[in-house]
Amino acid sequence: MTGRFGRGRQHTDAQVRTMLREMADSLETNRPGGDLTEIGRLALIQATTMDPVLARALRAKVPAVTGRRTVVRREFAAQLREIAEATG
0 MTGRFGRGRQ HTDAQVRTML REMADSLETN RPGGDLTEIG RLALIQATTM
50 DPVLARALRA KVPAVTGRRT VVRREFAAQL REIAEATG
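Position 85 of the sequence shown, counted from 1, bears residue number 84 in numbering that gives the first Met the number 0, the numbering being contiguous throughout.
All the pointers check out, no bait thrown in.
Distance windows between CB atoms, simulated:
id : residue 1 : residue 2 : range
1  : Gly-7     : Thr-28    : 27 to 33 Å
2  : Thr-69    : Glu-21    : 18 to 24 Å
3  : Arg-58    : Asp-24    : 18 to 24 Å
4  : Gln-9     : Ala-42    : 24 to 30 Å
5  : Thr-69    : Arg-8     : 31 to 37 Å
Capping the alpha-carbon separation at 20 Å, the derived lysine to any residue pairs in SDA-like fashion look like this:
id : residue 1 : residue 2
6  : Lys-60    : Thr-48
7  : Lys-60    : Thr-11
8  : Lys-60    : Arg-20
9  : Lys-60    : Ser-25
10 : Lys-60    : His-10
11 : Lys-60    : Val-71
12 : Lys-60    : Ile-82
13 : Lys-60    : Asp-12
14 : Lys-60    : Leu-35
15 : Lys-60    : Gln-45
16 : Lys-60    : Leu-41
17 : Lys-60    : Leu-43
18 : Lys-60    : Val-70
19 : Lys-60    : Ala-77
20 : Lys-60    : Ala-85
21 : Lys-60    : Arg-8
If you are wondering where the hints come from, they were derived from the structure by calculation, not from laboratory data.
Just so we're clear, the structure is a prediction, and the values are computed from it rather than from any experiment.
Think of the CB as a built atom: it goes at the ideal place given N, C-alpha and C, for glycine as much as any other residue.
Whenever a hint applies, use it, and build me the whole structure from the sequences.
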């Protein structure tokens, strides 16, 4: 399957894995003990990529923070790393 911009699924999955790790690094580097909200989650995705295809793929992989008010950034980073390892 080829994406809108001529990218295959494997290529998109590889980029998503890389971006998930970058997001985890950012969360662990900047206020790792702080809280992350759903709005923060969406801002993190948007700051990671402006590409609509990749942003959609990230939103599908990154767990929502809804149902809880916040999650600790360090813990969320660990979840992102687990998802990155399972993606592909």
